[in-house]
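Undergrad: With the sequences and hints as input, model every part of the structure.
Chains A and B, in that order, give the protein sequences. Read in the working numbering, the first sequence has 11 at position 14, and its numbers run on one by one without any break. Add 164 to the 1-based position in the second sequence for the working numbering, that's all there is to it.
Just so you know, these hints were derived from the structure itself, not from any lab. Owing to the predicted nature of the structure, the values given are computational and were not obtained by experimental measurement. A virtual CB, placed ideally from N, CA and C, is assigned to each residue, including glycine. One or more hints might be untrue.
[Unchecked claim] For the chain B half of the interface with chain A, some residues (derived, Cβ under 8 Å), not all of them:
no., residue
1, Ala200
2, Arg224
3, Arg227
4, Glu282
5, Pro288
6, Thr291
7, Met292
8, Pro293
9, Ile296
10, Met305
11, His309
12, Ala335
13, Glu626
14, Leu628
15, Pro631
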Amino acid sequence: MSERIMEHPILGITPEGKKVTFTFDGKELTGMEGEPIAMALKNAGVMVHRYTAKRHEPRGIYCAIGRCTDCVMIVDGKPNIRTCITPLAAGMEIQTQYGVEEKR
Amino acid sequence: MERYDVIVVGAGPAGLSAAIETAKCGMRTVVFDENAKPGGQLFKQIHKFFGSKENKARIRGYRIGEELLAEAERSGVKVVLNATVMGLYAQKEITVRIGDAIKHYKADNVLIATGAAESVVRFPGWTMPGVIGAGAAQTMMNLHHIRPGKRILMLGSGNVGLVVSYQLLQAGCEVVALVDAAPRIGGYGVHAAKVSRCGVPFYLSHTIVQAEGTDHVTGVVIGEVGPDWKVIKGTEQHFDVDTICLAVGLSPMSQLLKQAGCAMKDTKGGYVPECDAYGRTSMDGIYVAGDVSGIEEASSAMLGGSIAGITIACDSGYLADGSEQIAKYEKALGNLRKGMFAPENRGKKITQTEEGIAISETLLECGYVADSEIERYPGVTHMEGVHPVIECTQNIPCNPCQDVCPKKCITIGNNITALPVVDSKSQCIGCGMCVAACSGQAIFLIQEDIGDGMGTVTIPYEFLPLPEKGQIGIALGRDGQPVCKAEVLDIKSSNAFDHTNLLTMKVPRDMVMRARFFKS
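TA: Right under this line is the structure:
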């Protein structure tokens, strides 16, 4: 279920990027190299980026410009990475964050 | 520690405009921005801007951003990206996080142009994935080519809510409702009208009761608010949506100024520094420009930035006399601050235009001008042959329609907020330049009688796929409701129209003043 806009009435045809694969909680997904991680996940239908520490509530993209920190995840083993402003690279391992760590 | 003549924090429209001026005067200027790309929010603005030629009117925001970046480069401005300014201290020193290092810089002048952040409102479920800022929606669809959702509810009828709703439609999303707790629409009537005619219903005096879903948004409940701003029991209604967009205002990001010790004030528009008309704060050598000193538009941020930049150059002795340049920018800025939506009119209920014509109540309460109200405006005329009908009904600072008409059929005059008047002896050649130039998409070309009881309506059309000649569809009225069958006679696209296509449809004669959108 792609959310990509292939052609836009004002912006024209979306330039073709380089497809790369990465993993989300161990599952292989594809995205465009250099796009924010959050956009690749959104395109793949992933809505929940993390669960809060105390009340285990789901959080996802809110501001999409790196301000609110709602979208942080574990990227290549490092927690609290703002996925909306971190570019996707081939082979990245993305994990849902529980509190400030991975699921135990 | 590195030293500069000028440090600018924020590479948006205000910061870049200021840096261009100081660099042009020979000052060593550096701009720090925490983002990976410069331009602030300009690159997600894909609509045509209002104003006059001096304000780059009828140019789309992202193009203005490209021009600004090119000029900054030509002027020798150094822009450092992925650089978060963390502290502003007395003696005009700053600390900047670049990568994993904290660096230290000092300058004779520091200009803070950090802009603003989106505000939120809280309701049960507001933190759930699927509730996003309207700016986030713009970032996703206009920068990263990703649809924010399939079915979306927008909260907020200010210009951001209206413009982003329209852009969501352009991206191929469905906007199921535009909701605002206020009893009247906050943004420009023309922005509301172009969303309305596409069939998006407005719910004024309504607010969100709750977002539904467990892990992400699957629906929303709205309800009508009473005079006490509380939801009236029994008025709740549900919509199936996957996304809720919040466009409920912006807050200046003025933390650095407070930290440095600048005198601050709490205003209706947020916590802002005290400053003069040239951007000088209470602290010597610390200046501000753009939204951080009070929320306005990108056009005013650019002018304010230019004024602050020239002021810095004058105050530091790099420019002997900047008064002429400043006067030019001040005049342009003054023009932008005129009209029904001028800063001094915020929160006031205006019932008449400057010309003494009653403002459309339906426009304020429902998002479109009613058929019974439209005839009273000076741009709405009837004559033989093809001619423009200008549904511009509020005094806003904008005049491209007057500039682009090769036959001078349209007059606004020297007062930029005046409603456009169509000359009754109009020599209209049907070129459509006015239709494409109108940033509010409020101009239509009408031919009232082409024989056989039919007439034509030419509308601005910015959606895909483009209908084809000969295609039969439904004409929608200003309220987005079907009014009659319509046949596409022509679709015109041209570089001069800048992605606004001109769709001419044939409708029955008695529908030419009602049909305002084409639905395939």
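Undergrad: Hold the hint about Arg227 of chain B up to the distance rule: shortest CB distance to chain A must be less than 8 Å.
TA: The hint is violated - Arg227 of chain B has no Cβ within 8 Å of chain A, the shortest such distance being about 10 Å.
Undergrad: Given Thr291 of chain B was flagged as interface, is its beta-carbon under 8 Å from a beta-carbon of chain A?
TA: holds (6 Å)
Undergrad: Would the hint on Arg224 of chain B stand, with a C-beta cut-off of 8 Å toward chain A?
TA: Arg224 of chain B check passes; min Cβ-Cβ to chain A is 7 Å, inside 8 Å.
Undergrad: Should the interface hint for Leu628 of chain B be scored as holding, given a Cβ-Cβ cut-off of 8 Å against chain A?
TA: holds (5 Å)
Undergrad: Mind checking the CB of His309 of chain B against every CB in chain A and telling me if the closest is under 8 Å?
TA: OK, holds: His309 of chain B within 8 Å of chain A, min 4 Å.
Undergrad: Does the closest beta carbon of chain A sit nearer than 8 Å to the beta carbon of Glu282 of chain B?
TA: Holds. Min distance 6 Å.
Undergrad: Measuring from the C-beta of Met292 of chain B to each C-beta in chain A, is the shortest one below 8 Å?
TA: holds (6 Å)
Undergrad: Is the shortest C-beta separation between Pro631 of chain B and chain A less than 8 Å?
TA: Since the shortest Cβ distance to chain A is 12 Å, the answer is violated.
Undergrad: Taking the closest Cβ pair, is Met305 of chain B under 8 Å from chain A?
TA: holds (6 Å)
Undergrad: Tell me if the interface restraint on Ala200 of chain B is satisfied: Cβ within less than 8 Å of some Cβ in chain A.
TA: It holds, given that the least Cβ distance between Ala200 of chain B and chain A is near 7 Å, below 8 Å.
Undergrad: Hint check: is the beta carbon of Pro288 of chain B less than 8 Å from a beta carbon of chain A?
TA: Not OK, violated: Pro288 of chain B not within 8 Å of chain A, min 12 Å.
Undergrad: Please verify that hint: Ala335 of chain B, Cβ, nearest Cβ of chain A, below 8 Å or not.
TA: Hint on Ala335 of chain B: holds, closest Cβ of chain A at ~6 Å, below 8 Å.
Checked against the numbered hints listed earlier, the structure breaks hints 3, 5, 15; every other hint is satisfied.
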